[in-house]
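Counting in our numbering, the sequence shown runs from 118 upward without gaps.
Hint data in this document are derived by calculation from the structure and do not stem from the laboratory.
Please note that a few of the clues may not be correct.
[As the list claims (entries may be wrong)] Beta-carbon label-pair distances, calculated as ranges:
no., residue 1, residue 2, range
1, D426, M167, 36 to 46 Å
2, G361, R396, 29 to 39 Å
3, G125, R472, 15 to 25 Å
The C-beta atom is built at its ideal place from N, Cα and C for all residues, glycine as well.
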Amino acid sequence: MGAAPLTGITVLDLSRVLAGPICTQTLADLGAEVWKIEQPGKGDDTRGWMPPDIDGESTYYLACNRSKKSVALDLKNPEDLAALHELAGRADVLVENFRLGALNSYGLNPDSLWETNPGLIYCSISGYGRTGPRAREGGYDFTIQAESGLMAITGGPDGCPMKLGVAITDIVTGMNGVQAILAALFARERTGRGQHIDLSLFESAVALLANVATGHLNTGRDPGRFGNAHATVVPYQLFDTADGTVALACGNDGQFRRLCEDVFGRPDLAADPRYLLNRDRVDNRETLIPELQRLFATRPTNEWLAELDAKGVPAGKVRSVAEVFTSPEVQIRGLVQEVPDERHGTVRLVRSPLRFSDTEVMTPTAPPRLGEHTEEILATVRPRKSH
Numbered sequence: 118m119g120a121a122p123l124t125g126i127t128v129l130d131l132s133r134v135l136a137g138p139i140c141t142q143t144l145a146d147l148g149a150e151v152w153k154i155e156q157p158g159k160g161d162d163t164r165g166w167m168p169p170d171i172d173g174e175s176t177y178y179l180a181c182n183r184s185k186k187s188v189a190l191d192l193k194n195p196e197d198l199a200a201l202h203e204l205a206g207r208a209d210v211l212v213e214n215f216r217l218g219a220l221n222s223y224g225l226n227p228d229s230l231w232e233t234n235p236g237l238i239y240c241s242i243s244g245y246g247r248t249g250p251r252a253r254e255g256g257y258d259f260t261i262q263a264e265s266g267l268m269a270i271t272g273g274p275d276g277c278p279m280k281l282g283v284a285i286t287d288i289v290t291g292m293n294g295v296q297a298i299l300a301a302l303f304a305r306e307r308t309g310r311g312q313h314i315d316l317s318l319f320e321s322a323v324a325l326l327a328n329v330a331t332g333h334l335n336t337g338r339d340p341g342r343f344g345n346a347h348a349t350v351v352p353y354q355l356f357d358t359a360d361g362t363v364a365l366a367c368g369n370d371g372q373f374r375r376l377c378e379d380v381f382g383r384p385d386l387a388a389d390p391r392y393l394l395n396r397d398r399v400d401n402r403e404t405l406i407p408e409l410q411r412l413f414a415t416r417p418t419n420e421w422l423a424e425l426d427a428k429g430v431p432a433g434k435v436r437s438v439a440e441v442f443t444s445p446e447v448q449i450r451g452l453v454q455e456v457p458d459e460r461h462g463t464v465r466l467v468r469s470p471l472r473f474s475d476t477e478v479m480t481p482t483a484p485p486r487l488g489e490h491t492e493e494i495l496a497t498v499r500p501r502k503s504h
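Produce the entire structure from the sequences given, and follow the hints as far as they go.
This is the structure in structure tokens:
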């Protein structure tokens, strides 16, 4: 196996909380050296987000800061600011999520940094983008889910709008940041120049509307909510069994026929003109779904799953988080890694899902303590008094 893809790339991480740290954590997974700049005595906000915690250390923080180096610097301290400028002069990538204009007074805006480091790729992450009527507002996943339309399409048909169980707009914006940074690094190979990447949680969330967006834009229809059912594919939802729940995902007419004929022994359902094609099933879901529910209720979940798998009909069990991490899929693929940690002995982390045939993804190291690497990193810049 060769070296990790981003070996030799240095990332100056001025971001906090989730979107930016998710982005830079992935860059670290890919081999970049990530310098996480934190405020002395306080650090990333997520260090205080608990419970849950391990002996007073936030597990939220652990989720998005593996394999980084923490450098504690006070931007209001002239010596620290000068050191930060020297680090910015050596970095390939800078990621920040400060309020609009907040870094200008420190000379940490793109134009100022490009004077000494023209190849720097500068990625800004904000709630609504660096231009536009709401550029000065902060961004919070909960409000972005509400304002982007994601909440309007999530939840039961007769219930209230719901958010996803994780901060999905932060996570997706972080993923978009990785894509944009990789593309900018590729472009720099041709041009020799860096560029400014302007990402917003709001735009990332609106882009997540996907087929819902194109449906509305081209028909004018407001999609509403379907709970655990699918707006345009039927049957594609949860069904209660004799002892649990099955998630059924019939994505095409062939799968529906196999469900009816081979699993349920009901060829009459497959041949019924009301259910012959997916569009027919969408139009007649009110009669089809109760009949399928009646059939599923006659046997336990594991029997149905074995039968559905044998007949090539996509389905799954609704698992608890505990069940996920004891599943053979997680264990055999090595998705959980236990890494050494000075304070706890070891910590268990979810490894990067990225896998390559010819290059390594970095073996993760434990998320750093606040300022753990300050002297190590700054010693490479210039001699410095200890804090």
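Open item on the list: For the hint 15 to 25 Å, verify it against the beta carbon of G125 and that of R472.
Closed with: holds (21 Å)
Open item on the list: A range of 29 to 39 Å was offered for this pair. Does it hold for the Cβ distance of G361 and R396?
Closed with: Holds, at about 31 Å.
TODO: Kindly confirm whether 36 to 46 Å is satisfied by the beta carbon distance between D426 and M167.
DONE: holds (40 Å)
Checked against the numbered hints given earlier, this structure breaks none of them.
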